[in-house]
Amino acid sequence: MGRPIIPYKQVLDGILYVLRTGCQWKMLPKEYGSGSTCHRRFQEWNKLDVFKNAWIKLLKDYDDKIGLNWTWQSIDSISIKSPLGGPRLEIIPQTGAN
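The sequence shown begins at 1 in the UniProt record's numbering and counts up by one.
Bear in mind the hints are in silico, worked out from the structure with no lab data behind them. Be a bit skeptical, because a hint or two may be false.
Said to hold, decoys possible - Pair by pair, the computed Cβ-Cβ distance ranges are:
| id | residue 1 | residue 2 | range |
| --- | --- | --- | --- |
| 1 | Glu44 | Gln24 | 38 to 46 Å |
| 2 | Thr21 | Asp61 | 20 to 28 Å |
| 3 | Asp63 | Arg40 | 18 to 26 Å |
| 4 | Trp72 | Met1 | 52 to 60 Å |
| 5 | Thr95 | Leu16 | 36 to 44 Å |
Cβ coordinates follow ideal geometry from the N, Cα and C atoms, glycine included.
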């Protein structure tokens, strides 16, 4: 026996919550079930290409209904300074003796 299975929709909502907010799996609100369960299912589904296949299906459905403009593509990213800074790589010239 063991614990009852957490419904897939509840787990998916938990996975999307983590991906959307960036919170840690262990800090996942209890309404989504166990963070470790959501993380384990995320890893399993990722290996099975569940998210990739869902994305492809959604793109095809959207293309059939509304149409996609495949003549251009865009990518978005952000570059920020590391919060801990890291080692300094610049060379500081010696000024000599005073």
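Quick rundown of the hints versus the structure:
no., hint, verdict
1, Glu44 / Gln24: 38 to 46 Å, "violated, 19 Å"
2, Thr21 / Asp61: 20 to 28 Å, "holds, 27 Å"
3, Asp63 / Arg40: 18 to 26 Å, "violated, 33 Å"
4, Trp72 / Met1: 52 to 60 Å, "holds, 55 Å"
5, Thr95 / Leu16: 36 to 44 Å, "violated, 56 Å"
Going through the hint list in order, the structure does not satisfy hints 1, 3 and 5.
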